[in-house]
Structures are given as structure tokens and as C-alpha cells.
Amino acid sequence: MSQAPAAGRLAHRRSRHIRERIIELVLLSSALVAVATTIGIVFILVKESISFFSQVSIIDFLTDREWTPLFSDPHFGIWVLLSGTLTSSAIALSVAIPVGTVLAIYLSEFASARMRETAKPILELLAGIPTIVFGYFALFFVTPLLKKIYPELPGFNLLSAGLVMGVMIVPYISSIAEDAMRAVPMSLREGAFAMGATRLQVALNVVVPAAFSGLAAAYILGISRAVGETMIVAVAAGMQPNFTFNPTEQAATITAYIVQVAKGDLPHGSVGYQTIFAAGLTLFLLTLVFNLLGYYLRKRFREEY
Amino acid sequence: MNDEQKKPDPSTLPKKAASQALNFFYGSKQALKNINLPIYDRKVTALIGPSGCGKSTFLRCFNRMHDLYPGTRYEGQIRLYPDDVNLLDKSVDPIEVRMRLSMVFQKPNPFPKSIFENVAYGLRIRGEKRRSVLMDKVEEALKSAALWNEVKDRLDELATTLSGGQQQRLCIARSLASEPELLLFDEPTSALDPIATASIEELIHQLREKITILIVTHNMQQAARVSDFTAYMYLGDLIEFGWTDDVFFRPKEKQTEDYITGRFG
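For the record, the sequence lines run as chains C and S.
For the first sequence, position 296 matches number 296 in the working numbering, and the numbering has no gaps at all.
For the second sequence, position 64 matches number 64 in the working numbering, and the numbering has no gaps at all.
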């Protein structure tokens, strides 16, 4: 059988082929911007941290109970900064997770369509407020308020910063949690209503467990935001490294310390300057762990309908 | 199942429920028009008709499911016997209605809980906490739904690990556990394969001894196989109602005959 030449009408169109290739390249390069940035950040963090850890032992970094990089007898105990980060995050999350979840349940299961249309833009507005504004709100409004209840509270403290940070995180959690709950099929709710369940029972017994993977994702995002939050703690929690889990004390967080050093006049390349990369790497690893946990939870508890 | 010779006059049978001059509206659109239909006690009544004829809408009036959605409106009555109350009355709590009338849906919709907790759910929301009572009722319901032997060793597994047919029998068990007076089936086999369908139909056969059943189906053979009475609906009107074999073999209305013989629908 002789092979006929490709018929003109069915032959490859060169121009179309080239156009497709160009579009593909444009899309690929946009994707690469994000990937390359991430790789670049990790590369810098690791490179500078290696140089830092060649001068400071990693054991000291993890076990020393003091953080005094600028003293003549320097100590580099990251737990001093980590305690501030963990305490302020814990306060923030103890506000944001319950409030965000309850808000999401209300918006998804109880609110009328009109109420929802009104409340959601307001919440998005809250999410759009610059964090520096929240920081000054904590320092000049919430702290004086707390001082009325507890007069010994210092002007800079983790409690006030953590509470305001919690309010800031509420819309992030409520928005993702509400999306997850609204994605639960109506047929599942109807099944529970048909058994004689009340709205609250349907929400708590059926919708929340069915949306669990989405709720987990919302909480993980909230944790990452809390751990990485900078301006609120830098403004309202103080800059003084302090190994404490007491919310009524002032303490620097990892992020607040990085701001302080990056804006300061330490010479580049000195050990003091390199501390911010080691601290940054710690922060990065912390959020990485939470993101991996979130990924695992999403996969583990995903419900297919 | 229907004894040709000894078919009593339906009006002499005890009724479980009856719709009286029932109209139903989605917003301004009227979906049910003046439906008068008796549901006889411990009989299976099938609702048939082409898509959009209002048969599911009618079924969902019984347990007030439409109350969940804004812009819906009932007119007329659905009387439940022996209480002789109007289920649609404003003074009647839809939650109380749903406690006594159970519904099985088109697609199996097990809750994201264990097999045991799915069946126990109705009892739990009624406040039953005693483990031994729950265990007995769950076992009884799963046996009634012909599922016990398949799941008795895996009651703590997630219900979503069951096959589609098993999930639907689980949903039936879930409905039975709270001992309903009237069981509403909304096309319960439309998402199932023929073998699973046969087992559900067999189950309906057994259940009609104890409980009144109202079933919506668009499978006419299924209506003929499982029901005692059949109602044919079209565009929100009830066209014909009677003993199933009368409706299928001696329809009074030309429309019914056209639909049943496949000339239309």
C-alpha cells in the first residue's frame, strides 16, 4: 500500500503549532517565577545559615537559654525568640480558631443569604487592614484597656499583641472554613434534617465532620499566619529577647528580632548579622512542618461525594 | 403480590395519611395542583410520572423538607392518621414530623461517621445515650435492612467504605432505627446497579408488612413490582390513582395508558 502524502487540508499548521508553543512558554515562565523565588529564598537561608552554624554550634543554638548576639559574651539560644513566637501565636490562635470556626458555621449554616452578602465584604475588609495598623491598635487601644483590668501589665506585652493578631486572623480562617462547609453537598444535610435533626445538630454532627479536611487547612493557614506575623508583635510585644511563656511579659518574637537586626547597623557578614538567617530558617522550617501537616490532614480526611 | 380476585374497595382500607386539596408553590411557580391522594396503612404506594411532574415535590411535602428552603409555600392539608392532624399546619413542628416520618434519598447519603453511628444517629438526636439500647436498635435496624451479616464485624468503620448498594441499605437502616410510621423513598435505586436494586426492592417487600411506604420512582417496572397502589402524576396534577394492576393493566385515563405503554414520557 503506497503512503499518500499528507493531504493539504489535514497537514500540520505551522503557525498554529508555533503559537501554541509560545503560549506554553509564557505560562511556564510565570510558574517558574514562583518556583524560582522559593528556591532562591531557601538557597540564601541555607547558605547563610551554614556559615552561621560553622561559628555557632547547633547544640548551643537549640539549648542555650539566652539570646545575646551582640554582647561580648554572645549567646545564641533560639528558644528565647521561639518562646515569644509560640506564646503570641498560641494566644492568637486561641482567639482565631474558635471565633473563625463559629463565624464560618454561622455564615454557612444559619445566616440568610442577605446577611451573608453583608457580612462577607466586611470580613474581607478586616483582612485587608495593614498589619501595622493592627499593631498600633494593640499598643494604644488594647493594652491600655487590659491595663485597667490588670494594672501591672507592661506597655509592651505578648497578650495584647496575641489577641489583636487573633482578630486579624479570624477572617482568614472563617473564609476558608466557610468555603469548606458550603462545599458539603446539600443531600448530606437533607439526610440529617430528614432524621429530625435541628440546624445546630446538622452543623455540628454532619457538616463540620464532612468539611474536616477544609477546616484543617484553614487552621494550618491560621497557624502559619500567626507564626510569621511581624508588625503587630514588633510594635506591641516589644523587642526585648525574653525566654518566657508568660503572656503578661514583653518578649521579642523571631520575626520582630529579624526586623530589628535587618533595620539596624550590624555589618553584613558578621555573626550577629547572620543570626537573622538562622532565625529565618527556623521560622521557615516551623511553617514547613505545619504546611506538611496540613497537607497530610487534607489527604487523610478528604471525603469524596 | 396483588391478588386479582380479592381486591377490596380501597375506601374500606385504613388510611395512614391523605393529602387534601394540596397546592405547592416554589415562589410564584405552582408545582402541585389540588392533589387529593390517600396513603393506605401498611401498603406501598408508588408515585410515577415523567421528570418534572411533581412526584418528588409531593413526597417532600410529607416531611416538610421544603421548609428548609426560602420562598416555598404549601396550601391545603396532609392529614396524618390516627392522630388526624394536618402536617402542614403552622402549629406543627417540622422536626417532630421528621421524627415520625423517615426519608430515603435518591443518592445514598451516609454521614461521615462510622456504620454504627450512622444507624444510631436518629436515636442519639432523640436523646438516647444507653449503649446497650443503641446496640440493640442498631442491630435490629441493620437486620431489617438486610445488611447486618455484611457489616456486623466492621461497625466501627466509616460508612463511606461501603459499596453504593450497601450505603443505600445503610440509609434505610438509619431510617428504620427510629421506628418511623411512614417511610418516604425518593427514587431510592436510581443510583444503583440492577443487583443492588433487586435487593432494595426485596427489602421494600419485607418492610410493607410493618410499615406504610410511599415511593417515588421513574422506573415503571419497579412501581409494578413493589407497589400495591400507584399514582400517576403529570405537570403537577394527579391524573390517576388506584390499585397498581388496575393502573397498569386497565388504566382509566388515556394519558396514563400512553405513559405506561411508552408512547409518551
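There's no promise every hint is true.
[To be verified] Computed beta-carbon distance windows for the label pairs:
1) 131(S) - 296(C): 27 to 35 Å
2) 29(S) - 141(C): 49 to 57 Å
3) 296(C) - 127(S): 35 to 43 Å
4) 92(S) - 110(C): 32 to 40 Å
5) 18(C) - 258(S): 53 to 61 Å
6) 148(C) - 85(S): 55 to 63 Å
7) 300(C) - 127(S): 27 to 35 Å
[Said to hold, decoys possible] Heads up, simulated SDA-like pairs for lysine to any residue below, C-alpha to C-alpha not over 20 Å straight-line:
8) 129(S) - 204(C)
9) 107(S) - 185(C)
10) 29(S) - 107(S)
11) 113(S) - 187(C)
12) 129(S) - 117(C)
13) 113(S) - 19(C)
14) 113(S) - 204(C)
15) 113(S) - 185(C)
16) 299(C) - 114(S)
17) 113(S) - 300(C)
18) 299(C) - 157(S)
Just so you know, these hints were derived from the structure itself, not from any lab.
These numbers were taken from a predicted model, which means no experiment stands behind them.
Even glycine gets a Cβ: it sits at the ideal position worked out from N, Cα and C.
Each hint tested on the structure:
In this structure the hint that residue 131(S) and residue 296(C) lie 27 to 35 Å apart at CB holds, the actual value being about 33 Å. Distance hint check: the CB atoms of residue 29(S) and residue 141(C) are about 53 Å apart, consistent with the given range 49 to 57 Å. For the hinted restraint 35 to 43 Å between residue 296(C) and residue 127(S), the CB-CB distance of approximately 37 Å keeps it satisfied. Residue 92(S) and residue 110(C) have their C-beta atoms about 22 Å apart, which leaves the hinted 32 to 40 Å range violated.
Checked against the given bound of 53 to 61 Å, the beta carbons of residue 18(C) and residue 258(S), roughly 60 Å apart, stay inside it. Between residue 148(C) and residue 85(S) the beta carbons are some 58 Å apart, a value that agrees with the proposed interval 55 to 63 Å. The hinted range of 27 to 35 Å is satisfied by residue 300(C) and residue 127(S), whose Cβ atoms lie roughly 32 Å apart. A distance of roughly 18 Å separates the Cα atoms of residue 129(S) and residue 204(C); the hinted pair therefore holds under the 20 Å criterion.
Between residue 107(S) and residue 185(C) the CA atoms are separated by roughly 11 Å; this keeps the pair inside 20 Å, and the hint holds. A C-alpha spacing of about 26 Å is found between residue 29(S) and residue 107(S), which places the hinted pair above 20 Å, so the restraint is violated. Distance check on the hinted pair: residue 113(S) and residue 187(C) sit about 15 Å apart at the alpha-carbon level, within 20 Å; holds. Restraint check for residue 129(S) and residue 117(C): the C-alpha separation of about 40 Å exceeds 20 Å, so the hint is violated.
The suggested pairing of residue 113(S) with residue 19(C) is violated, with an alpha-carbon distance near 52 Å, which exceeds 20 Å. Taking the CA atoms of residue 113(S) and residue 204(C), the gap is about 12 Å. The hint holds against a cut of 20 Å. Simply put, residue 113(S) and residue 185(C) have alpha-carbon atoms about 16 Å apart, close enough for the 20 Å limit, and the pair holds. Of the pairs offered as hints, the one joining residue 299(C) and residue 114(S) holds, with about 19 Å between alpha carbons and a cut-off of 20 Å not exceeded.
Taken as a hint, the residue 113(S) and residue 300(C) pair is honoured in the structure, with Cα atoms around 15 Å apart against an allowance of 20 Å. For the given pair, residue 299(C) sits about 18 Å from residue 157(S) by alpha-carbon distance, which is consistent with the 20 Å threshold.
Checked against the numbered hints above, the structure violates hints 4, 10, 12 and 13; every other hint is satisfied.
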